[in-house]
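K.L.:
Sequence:
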Amino acid sequence: MKILVLNCGSSSVKYKLIDTDTDATMAEGGVEKIGLEDGFLKFKKSDGSKEIKELGHIDHKQAVEAILQNLTDPEVGCIKSYSEIGAVGHRVVHGGEKFASSVLITDEVIRQVKDCYDLAPLHNPANITGIEAITALMPDVPQVGVFDTAFHQTMPAKSFMYAIPYEFYKEDGVRRYGFHGTSHRYVSSRAAEFLGLDLKDLKMVTCHVGNGGSITAVDGGKSVDTSMGLTPTEGLMMGTRCGDIDPGAITYLMTKHGMDAADIQNLINKKSGVAGVSGISSDMREIEAAVNAGDERAKLALDMYELRITKYIGAYAAEMGGLDVIVFTGGVGENQTGVRENVCAPLGFMGVEIDRELNSKIRGEEALISLPGSKVKVVVIPTDEELMIARDTKDIVSSLK
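Under my numbering, read the sequence shown as residues 1345 to 1745, first letter to last.
If you're looking for bench data, these hints aren't it; they were derived computationally from the structure. Small disclaimer: the values here were computed from a predicted structure and weren't measured. There may be inaccurate statements among the hints.
[Said to hold, decoys possible] Taking lysine-lysine pairs in the DSS-like style, the calculated list, with each CA pair at most 25 Å apart, reads: (1) K1719 x K1655; (2) K1544 x K1514; (3) K1544 x K1386; (4) K1397 x K1358; (5) K1600 x K1544; (6) K1719 x K1705; (7) K1566 x K1614; (8) K1358 x K1346.
[Said to hold, decoys possible] Here are the in silico distance ranges between beta carbons for each label pair: (9) Q1609 x A1637: 28 to 38 Å; (10) F1693 x E1441: 10 to 20 Å; (11) D1365 x P1591: 44 to 54 Å; (12) G1592 x D1365: 49 to 59 Å; (13) D1391 x Y1513: 46 to 56 Å.
Ideal placement from N, C-alpha and C gives every residue a C-beta, glycine not left out.
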């Protein structure tokens, strides 16, 4: 079955067309700058080269229509008609407590996703826009919603609750939800398969680290704790997000500098993290280059970034009562060899021993980077959230027949 996977953001639509019979990606790309005068479609051609088509001022529906037209284009497309697409899988960021698994999109599901708008005001409305665009353009094609938060719905209350008055949880849904769930689910399953081990027998920490980042404790294949919270701001230090911070520091800054809620949101989400501490960039490649050039603030930012990851791994190993596997994924986890080495170095007391020479060569590929005698296996597993979405979509649609 050919599955179109869509990830609709506030100003972009990313896509992949996946043949789930072979897991092959037939086409991929995205529309950017939706709502602006210079919108464009960028896509990968069959020979691996990239091409850009100028679209001008477009909305989300027109963006999805441009993607479909490109997929059926006689020169650069890979299918002859829309009818070859068996189903569409959508990444939906926030499912609250309503969704613990992927679901067939219905009017009731759309209503419930809209009920979560307050929890993800930038993402969920865009996700719904993508669903509505497909409904208008391909009304007979089944659609499936795959939620970033669903994998983490197995967390126990002691892990997801905040220590604030209980009524804020009951009345307003304030709790830890976690994100990157599709990625954590994929890499934990794939890591077990790659190692030839039974996922149900493993205590695993999956590290999805990049410009955004989260860490999850996976016990027997289920998420039991995760670093992101009500929003994606909690947890690790990220490219521009602050991660864990004393709430008192926030109220102190608000009072001292006359900041309002919007100012604080901008500060902790867009001006903090690696970029805020280094004053250079949110890109870890630029940070490492600056460190090598002797920049002290860049070194501080990198040290902080790595320490947060190490702390969460240690905490989750204690929480699970042991650790069998550490998984690195995401842009940094898959490619920044120094980060992996520095994160693992303090964990030697737990039996974590990586092969430094092998680790230095691994970028963007599956690999076991721990030494044969390491009590904890350390692996690099490139994530594939789109493939996970496509598989869920196929399973749900196939069950309808």
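K.L.:
Now look at each hint and say whether the structure bears it out.
P.N.:
Hints and how they fare:
Distance restraint check for K1719 and K1655: the Cα-Cα separation of roughly 19 Å lies within the 25 Å cut-off, and the hinted pair is therefore satisfied. For the hint pairing K1544 with K1514, the CA-to-CA distance comes to about 32 Å; that exceeds 25 Å, so the pair is violated. With a C-alpha separation of about 41 Å, the suggested pairing of K1544 with K1386 is violated against the 25 Å cut-off. Annotation: proposed proximity of K1397 to K1358 holds, straight-line Cα distance about 14 Å (limit 25 Å).
A C-alpha spacing of about 51 Å is found between K1600 and K1544, which places the hinted pair above 25 Å, so the restraint is violated. Distance check on the hinted pair: K1719 and K1705 sit about 22 Å apart at the alpha-carbon level, within 25 Å; holds. A distance of roughly 31 Å separates the Cα atoms of K1566 and K1614; the hinted pair therefore is violated under the 25 Å criterion. Distance check on the hinted pair: K1358 and K1346 sit about 17 Å apart at the alpha-carbon level, within 25 Å; holds.
Distance hint check: the CB atoms of Q1609 and A1637 are about 33 Å apart, consistent with the given range 28 to 38 Å. Taking 10 to 20 Å as the suggested C-beta distance range, the pair F1693 and E1441 does not conform, at roughly 38 Å. Judged by the Cβ atoms, the range 44 to 54 Å given for D1365 and P1591 holds: they are separated by roughly 50 Å. The beta-carbon spacing between G1592 and D1365, approximately 55 Å, falls within the hinted interval of 49 to 59 Å.
Checked against the given bound of 46 to 56 Å, the beta carbons of D1391 and Y1513, roughly 53 Å apart, stay inside it.
Violated hints, in rising order: 2, 3, 5, 7 and 10; the structure is consistent with all others.
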